[in-house]
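K.L.:
Protein chains in written order, with my numbering: chain A, 2 to 256; chain B, 1365 to 1699.
Please keep in mind that the hints were generated in silico from the structure rather than gathered at the bench. No experiment lies behind these values; they were computed from the predicted model shown. One or more of the hints may lead you astray.
[As the list claims (entries may be wrong)] Here are the simulated DSS-like pairs of lysine-lysine, each with C-alpha atoms no more than 27 Å apart in a straight line:
1) B:LYS1496 x B:LYS1482
2) A:LYS11 x B:LYS1572
3) B:LYS1499 x A:LYS11
4) A:LYS247 x A:LYS11
5) B:LYS1499 x B:LYS1482
6) B:LYS1499 x A:LYS94
7) B:LYS1482 x A:LYS223
8) A:LYS11 x B:LYS1496
9) A:LYS94 x A:LYS247
10) A:LYS94 x A:LYS11
[Said to hold, decoys possible] Only part of the chain B face toward chain A is listed, based on derived beta-carbon distances under 8 Å:
11) THR1379
12) ASP1419
13) PRO1444
14) ILE1456
15) TYR1593
Even for Gly, the Cβ is constructed at its ideal location relative to N, Cα and C.
Residues per chain, in single letters:
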Amino acid sequence: MGNIVALTHKELRSYFVSPIAYVLLLFFTLLFGWFYVASINLMVQLSTGQFGMGGPQVVNLNEFMIRPLFGNTAVILLFLLPMLTMRSYAEEKRSGTIELLLTSPLSDFQIIMGKFLGAMALYTLMLALTLVHIGILFWYSDPEWGPVLSGYLGLFLMGGAFISIGLAISSMTQNQIVAGVATFAVLLLLWIVNWIGDAAGGTTQAVLAYLSILEHFDDFSKGVIDTAHVTYYVSFIALGLFLTAKSMDTARWNG
Amino acid sequence: MVEVQHVTKRYGSLTAVDDISFRVERGEILGFLGPNGAGKTTTMRILTGYQPATDGRATVAGFDVAEQPIEAKRRTGYLPETPPLYPEMTVIEYLRFVARINGVPSGERRSQVSAAMKRTSISDMADRYCGKLSKGYRQRVGLAQAILHNPDVLILDEPTAGLDPRQIIETRQLIAELAGNHTIILSTHILPEVSQTCQRVVIINRGKVVAVDTPDNLTARLQGSQTLYLQVDTEGADPVPAIEGVAGVVTVTRADHRDGITLLVDSGRGDDIRRELARTVVANGWGLLELRPQQMSLEEIFLQLTTEDAAEDDPTAEPGVDGADETAMEAPTDG
Chain A
2 MGNIVALTHK
12 ELRSYFVSPI
22 AYVLLLFFTL
32 LFGWFYVASI
42 NLMVQLSTGQ
52 FGMGGPQVVN
62 LNEFMIRPLF
72 GNTAVILLFL
82 LPMLTMRSYA
92 EEKRSGTIEL
102 LLTSPLSDFQ
112 IIMGKFLGAM
122 ALYTLMLALT
132 LVHIGILFWY
142 SDPEWGPVLS
152 GYLGLFLMGG
162 AFISIGLAIS
172 SMTQNQIVAG
182 VATFAVLLLL
192 WIVNWIGDAA
202 GGTTQAVLAY
212 LSILEHFDDF
222 SKGVIDTAHV
232 TYYVSFIALG
242 LFLTAKSMDT
252 ARWNG
Chain B
1365 MVEVQHVTKR
1375 YGSLTAVDDI
1385 SFRVERGEIL
1395 GFLGPNGAGK
1405 TTTMRILTGY
1415 QPATDGRATV
1425 AGFDVAEQPI
1435 EAKRRTGYLP
1445 ETPPLYPEMT
1455 VIEYLRFVAR
1465 INGVPSGERR
1475 SQVSAAMKRT
1485 SISDMADRYC
1495 GKLSKGYRQR
1505 VGLAQAILHN
1515 PDVLILDEPT
1525 AGLDPRQIIE
1535 TRQLIAELAG
1545 NHTIILSTHI
1555 LPEVSQTCQR
1565 VVIINRGKVV
1575 AVDTPDNLTA
1585 RLQGSQTLYL
1595 QVDTEGADPV
1605 PAIEGVAGVV
1615 TVTRADHRDG
1625 ITLLVDSGRG
1635 DDIRRELART
1645 VVANGWGLLE
1655 LRPQQMSLEE
1665 IFLQLTTEDA
1675 AEDDPTAEPG
1685 VDGADETAME
1695 APTDG
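Excised from the complex, chain B in its bound form:
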């Protein structure tokens, strides 16, 4: 449905997207994961025909976005990072305008608009001015705008950014519902988001694809060593020797906290040592205050994935070489 072949985008001497290739099959939800300035927005803008690529080819529903832009755009729904709303229009006026410029026949406009409003639960807001809407509703109107003309491909740039937790859950559900009829590409910089909504993940960093995999495989690859966050109340005793004694523990780092003793416990690959840890703490007569897996930050994930791959194919993909590059890259992709 969507095919990206060796796409490169340069701004002057700056390379925002560097030789990216991937495919998305019909009905699939593809997650586009990367930190700010990784080239997610730029790639999406190339796919939607907003910007031309410096090099390479991208097709949407069989139409080259550079050669047949109108045909490709007709089949694409796009929600940019900031929903492109006209503040002076009411929600329904705005959606009717979008329906018109997307070539929805006049007879179907009314029903398409109300269907899109229903799906995004904004029917109550039909007569409100777009400029007066809350962030959550703006995002939904933006989403309604994207799905209005029943496009084959939906491209959503950070659809959950800036929403409150309830809205995030609702938006994810909506995206999951949409998946049957549309092929969806969504970008995010939050790892759990892709594992919850996407069937496949493209991880991108510094304009390059770092990994393409299913969320499950990715999680498995990332579980090389699992770190657990453990907080205990030992009433003064040193818990480290006892914890080190638990089978499967590789290292224990003590990071004290005013409410008790905090330990970061690393275990070997694939071992789930939580039961054993809890048992040990209780057996020693200590209070178990908290025990949870330590979430990996995106930076750690990249570090792990890139160092893992670097040895195999691409020594230049090593992260953290110079931090200046990343901040510089944010300017063109965001602006």
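With the rest of the complex left out, here is chain A:
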């Protein structure tokens, strides 16, 4: 356990001494803020009846603002999180520091968990910064807090899935860029995999829709915590970490 803490701490530190953490935090909050302002504008237009649909109307803040905002956040994460994980293994392999970790009395599990938790810690900080925006909403208005909490839980789990895939891919290469691009492509595919499904229909559609990584997020932002979706993300995380372990083992045999 002490080893995992030491490794997590080291990972987190390396994010913050390089520009990565700051660049990610800056652009994530910038993009989040942009969507936030855009959805506030939409709210204002709706509630003041600027669309001419029968004059001003009472709009549900959760339904018309927070839910789309979470949906947009999921897409931002799809773009940004590959950049968080791309260097984790690739850089250590390139610079040879992986040799230090693999010849120290650490198990693969500890190394993987250290890297995963380090990335998760930075990701949690990213999410925590958005609490400022959401806090302002609560200050000036009165949205329901249930869907907000479940939305954050959904983002947390989905980000975890993104990160575990990113780690697995980073452990397969020495090149950060390759890791970043491949992770992004895989996540994008997992997002749009159900687009083909719509045309296919039947069982195929159901299976592809089930695989789609953003599909499972929708219920969370609606305020529904479905164990099926939680299971989906948790098994996704487990799969990513398992693949990382396998890839470390393969690298060891192939030298």
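Put chain B on the given structure of chain A with help from the hints.
P.N.:
Using the frame of chain A, we list chain B on its own:
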């Protein structure tokens, strides 16, 4: 302390290490000598648990590196070819991290880290970033990292590579000092290095052990014929007949040089003919510009050792059969 039994490492169809066996006793310094791509790094990586062996068994301090890797690694300090430093950490942060992951108890961490820094004389560099260090200091931080947790066994992969002559001498002294408390395996491709620091030498070439011996015995075996490099100024006269006349001289080869006449003089086994040679040159009224033993290159050593042994036990160990194999072998061991 360290035991390697019939270890083989194959990458696909390529055999990097081929049925290697040797032992290292407690407190001993073992030199691992071989050219690039001989399998030194691969063997060391197997011992440190970085890579598994395809076949065979290796134990460190009584623990099988494949069966009980954590226990074996706890007792091993390893300096890889390139010191594994995190550029964004300061030296002291890095060493504290290494102390933590090696299970040094928190109460002892501070003292262990400063002891390691003192021994490698890097205390002044404690707050420098690892990425900003010179090659020499990097190597020392790497060494500090390896000795930090007081391991029973130290494995050093080319500890003096890339250092300047003064740093090389310092590093050798440090290794000699460490020898009392640790069992040390170090690899090198420089012959004088092993004779200066090691008690025993394993010579390895093309993944096979060519010879295991003490440096003295090895030097004696290699002195079968000694070549002397002699440079004289004869003002035009031909020195060869006179030199050939010196007792003990077997052959004289003339290799002229613009500053004078250069001769390569081979003598018989064990004869030291330097005094006689000098006397002859002076007696003829010539200028003696240079007289020194010709250093044997590693390739010549292998040629000699392998041809010597080939007749006895292993006809396939003959070197120089195909050069392509050697360059091909470098890729997996270095990467």
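K.L.:
Each hint should be assessed against the structure and marked as holding or not.
P.N.:
Going through the hints against the structure:
For the hint linking LYS1496 of chain B to LYS1482 of chain B, the alpha-carbon distance of about 20 Å falls within 27 Å, and the restraint holds. Distance hint between LYS11 of chain A and LYS1572 of chain B is unfulfilled; the C-alpha atoms sit about 40 Å from each other, more than 27 Å. For the suggested pair LYS1499 of chain B and LYS11 of chain A, the alpha carbons sit about 24 Å apart, so the restraint of at most 27 Å is met. The straight-line distance between the Cα atoms of LYS247 of chain A and LYS11 of chain A is roughly 23 Å, inside the 27 Å bound, and the hint therefore holds.
A C-alpha spacing of about 18 Å is found between LYS1499 of chain B and LYS1482 of chain B, which places the hinted pair at or below 27 Å, so the restraint holds. As the CA atoms of LYS1499 of chain B and LYS94 of chain A are separated by approximately 20 Å, the hinted pair is consistent with the 27 Å bound. Straight-line distance between C-alpha atoms of LYS1482 of chain B and LYS223 of chain A comes to about 61 Å, which puts the hinted pair past the 27 Å bound. Annotation: proposed proximity of LYS11 of chain A to LYS1496 of chain B holds, straight-line Cα distance about 19 Å (limit 27 Å).
Note on LYS94 of chain A and LYS247 of chain A: the hinted pairing holds, with a Cα-Cα distance of about 16 Å set against a maximum of 27 Å. Proximity of LYS94 of chain A to LYS11 of chain A is assessed by CA-CA distance (about 16 Å); at most 27 Å being required, the pair is judged to hold. At about 13 Å, the closest approach between the beta carbon of THR1379 of chain B and any beta carbon in chain A exceeds 8 Å, and the interface hint on this residue is violated. A hinted interface residue such as ASP1419 of chain B counts as satisfied when its beta carbon comes closer than 8 Å to some beta carbon of chain A; here the least separation is about 13 Å, so the hint is violated.
The beta carbon of PRO1444 of chain B comes within 5 Å of a beta carbon in chain A, closer than 8 Å, and the hint placing it at the interface holds. The interface hint given for ILE1456 of chain B is violated, since its Cβ lies 13 Å from the closest Cβ of chain A, which is over the 8 Å cut-off. Violation of the interface hint for TYR1593 of chain B is found here, the shortest Cβ-Cβ separation to chain A being roughly 40 Å, above the 8 Å cut-off.
Going down the numbered hints, you'll see the structure goes against 2, 7, 11, 12, 14, 15, while the others check out.
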